[in-house]
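These protein sequence lines are chains U and R, in that order.
So in this note's numbering the end of the first sequence lands on 110, straight run, no missing numbers.
So in this note's numbering the end of the second sequence lands on 1115, straight run, no missing numbers.
Just so you know, the hints here were simulated from the structure itself, not pulled from any lab data.
What you are looking at is a predicted structure, and each value in this text was computed from that prediction instead of being measured.
Just so you know, not all the hints are guaranteed correct.
Per the computed footprint, the stretches of chain R lying under chain U, defined by three or more beta-carbons under 8 Å from a beta-carbon of chain U, are [what the hints assert, rightly or not]:
hint, stretch
1, 1044-1057
2, 1101-1108
Chain U is nowhere near these chain R residues, computed Cβ spacing over 12 Å in every case [stated by the list, open to error]:
hint, residue
3, Pro1008
4, Leu1011
5, Ser1024
6, Glu1062
7, Phe1064
8, Gln1067
9, His1073
10, Leu1083
11, Leu1112
Note that beta-carbon positions come from the ideal geometry of N, C-alpha and C, so glycine has one too.
Take a look at the letters that make up each chain.
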Amino acid sequence: GQQVMQIPQYQHVQEGEDFTTYCNSSTTLSNIQWYKQRPGGHPVFLIQLVKSGEVKKQKRLTFQFGEAKKNSSLHITATQTTDVGTYFCAGHVSGSRLTFGEGTQLTVNP
Amino acid sequence: DSGVTQTPKHLITATGQRVTLRCSPRSGDLSVYWYQQSLDQGLQFLIQYYNGEERAKGNILERFSAQQFPDLHSELNLSSLELGDSALYFCASSVGRGGGQNIQYFGAGTRLSVL
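Please work from the sequences and hints to get the whole structure.
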């Protein structure tokens, strides 16, 4: 079945440092979504990427979809304590359901 | 507030017991998904219903079952509970069948503790 791999599983950074999480699929994706789950909270939709090579920005967050539509990344510039949480990618293959990656748990030391 | 309502928020029970978790999707959403999240783990997809019909099945144990009612709310039944079933159970909903570009909206979850 479709698999979506996400690395790293954990990332600890100092406030102000950058952070990147990567998502890789074994099959070509129709689109990819990113979700954030704050500690003690529930996953919340952040963004969706559909086009090959697409790049979207949300303030300090930059999302990329690979040219082959098999990988994606989320980059946070100058992390803040409010960025703490687990970031999930979720890939969709045509005709199949959305598949979540294992998530990257980000901690930010002030 | 995502608009997805899950009850109860917390559930404490004993091994061997049976519990029912309830989910009301966002107004207008026809799909309901159930996920299990163990401590510091990812989201394990259990099952999806669309407009009352089972749409997709994941790693759901035979001891677990679910259904979606005509008013679109859903229930997840967990029976013969084991210690390892202790987890956070999320319900999510989306407008469509789950493919395409449907965004999933998650409820706050039900935390199940099996003692």
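Checked hints:
| no. | hint | verdict |
| --- | --- | --- |
| 1 | 1044-1057 | holds (count 4) |
| 2 | 1101-1108 | holds (count 8) |
| 3 | Pro1008 | holds, 15 Å |
| 4 | Leu1011 | holds, 16 Å |
| 5 | Ser1024 | holds, 15 Å |
| 6 | Glu1062 | holds, 19 Å |
| 7 | Phe1064 | holds, 18 Å |
| 8 | Gln1067 | holds, 18 Å |
| 9 | His1073 | holds, 18 Å |
| 10 | Leu1083 | holds, 22 Å |
| 11 | Leu1112 | holds, 15 Å |
In this structure, none of the earlier numbered hints is contradicted; all agree with it.
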